[in-house]
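**Student:** Next come the chains, spelled out residue by residue.
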Amino acid sequence: MKNKDQKILQNWIDTLQGISVRGMDSKSRLEARLLKKAWLEESKKIENKIPDQDPAFYQNIKEALKKKKDKTASKNLWTSFFENKFKAFLVVILGTGVVYASKKTYDGLVSVAEELNHVVLAKDTTKTKAENEIEENGFWDEHFDRHGGFTGFWSRYIPKINEGNIPIVEVDNFCSHNATLNLNACLELANQYNSNARFNLGLMYELGLNVDQNYLQAYEWYKKSSALGNEDARSNMEYLIKKGLVY
Amino acid sequence: MRKEKQSKRHQAIEIIQLFRGGRSDEALVLFEKYGFRKEFICFAVTRGIDYEDASDLVQKFIIDKLYMKSDSIEHIEYARTWMYMVFRNMINDQGRLLIKNREVSLDEAKDQSYEEASGEKNQTRSDCVQEQLKIFRDKDQKHAEVMDYIMKGFDVEEVRLTIGRSYGATRQFMSQCRKKFKPFLERCLEIDE
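Residue numbers (my numbering), protein chains in the order written: chain A, -17 to 229; chain B, 245 to 437.
Hints listed in this document are in silico derivations from the structure and should not be mistaken for laboratory results. Backbone N, C-alpha and C define an ideal beta-carbon position, used for all residues, glycine too. You may find that some hints are simply not true.
[What the hints assert, rightly or not] Below, a list of computed lysine-lysine pairs in the BS3-like style, where the Cα atoms sit at most 30 Å apart: (1) A:K19 x B:K313; (2) B:K396 x B:K426; (3) A:K224 x A:K206; (4) A:K50 x A:K69; (5) A:K9 x B:K396; (6) A:K31 x B:K282; (7) B:K304 x A:K49.
[Said to hold, decoys possible] Where chain B lies over chain A, by a calculated footprint (3+ residues, C-beta under 8 Å): (8) -6 to 8; (9) 23 to 29; (10) 32 to 45; (11) 177 to 185.
Using the sequences and the accompanying hints, generate a full structural model.
**Tutor:** Take a look at the structure:
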């Protein structure tokens, strides 16, 4: 549009909107004013036919709005959430992703404490059960019997008495040291319900000591040892699970 | 007039904000107080809808659009524009327009301006213009609608948003309104006051 046309248009618009314009062509001004007057009169005629007060008009609206409010309030959160299918789909996808990612992140991860609790040394199967217990257990078990009764100060001398009076001859039974672990020797002891022997069998299978490495077998032997009350076997068993070596 | 234009725009913003804030009762009071009921009914009636239907349509507009959809207004400063745009679309959607989206060319406008005039001899100039305005509305809804917006004090930006055209195209369209209505006015200018 040319500048002249632009100016004519702007003057016409201004006149229609009731803004006084200077330097406007008189004919154009007259046309615009006539149009404005006609438009106002037409609007006035129509508005005169519309009642000034219409209570029914607003009453209907209020009732409809009330119904809508009640309907909205009765919808529970779940329904309103799933009304937006895209939003719901997005949240489900994100949720699945988060679960998958966290599983992937934490699978095979073990804490430092669990790593420290993992016992990799074979247990001595030559000692008696009582000796092992004294060695393994702490202050509490040293001074109290398994029923919780106080065993007195003398109980701490038992190992010392043994030490002093009976010479201990180290005889390798092939199921006490990592280097000499033997499957048959350990199996024999394990069949006699020796928890340490069972633990050692588990260790053999876990580390592949003189046998083929088999985590499932290791897990089974740890389980059997733990059933006899071996705490280390239990922690090794948990370690295998957390590492994701057995499922 | 400029002040009124500003205030009308602000009144629309006030109403929309009340609807957004869940204070629909207060919004309805202001809707009546600021004369929007009459304004919208009038807008519908000039598009060939009878009074009762227009009143129903305005009710529907308040319930379905102002109450339910006012949150969707991106630019609150154009609340009035949004209201007119939505209401205009409602009229179109209802299929109640007697003459839909018709336009006449400038040449047609010259011919048609005389066709349907009543030809009353004692007609005043004002009556003549009103009659020609009515004929123009029937012949060319789109341009008549834009003329309505101009009369209501819409600026070019508001008209642009309402009709969904570019700024330049809107100015062009507004210019066409003037040119197309001119032949309709010519006859009335011959009548002496």
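**Student:** Evaluate each hint against the coordinates.
**Tutor:** Each hint tested on the structure:
1. Using a Cα cut-off of 30 Å, the hinted pair K19 (chain A) and K313 (chain B) is violated, with the two alpha carbons roughly 36 Å apart.
2. Between K396 (chain B) and K426 (chain B), the direct Cα distance comes to roughly 20 Å. Compliance with the 30 Å bound is thereby established for this hinted pair.
3. Among the hinted pairs, K224 (chain A) with K206 (chain A) is consistent with the structure: their alpha-carbon atoms are about 19 Å apart, no more than 30 Å.
4. Proposed proximity of K50 (chain A) and K69 (chain A) is supported: the alpha carbons are some 23 Å apart, at most 30 Å.
5. Taking the CA atoms of K9 (chain A) and K396 (chain B), the gap is near 23 Å; set against the 30 Å cutoff, the hint holds.
6. The hinted pair formed by K31 (chain A) and K282 (chain B) meets the criterion: a straight-line CA distance of about 10 Å does not exceed 30 Å.
7. Between K304 (chain B) and K49 (chain A) the alpha-carbon distance is near 14 Å, which keeps this suggested pair within the 30 Å criterion.
8. With 6 residues carrying a beta carbon less than 8 Å from a beta carbon of chain B, the segment -6 to 8 of chain A meets the three-residue requirement, and the given coverage holds.
9. Check on the segment 23 to 29 of chain A: 5 of its residues sit with their Cβ under 8 Å from a Cβ of chain B, so the three-residue criterion for coverage holds.
10. Look at the segment 32 to 45 of chain A against chain B: 7 of its residues bring a Cβ nearer than 8 Å to a Cβ of that chain, three or more, so the hint holds.
11. Look at the segment 177 to 185 of chain A against chain B: 0 of its residues bring a Cβ nearer than 8 Å to a Cβ of that chain, fewer than three, so the hint is violated.
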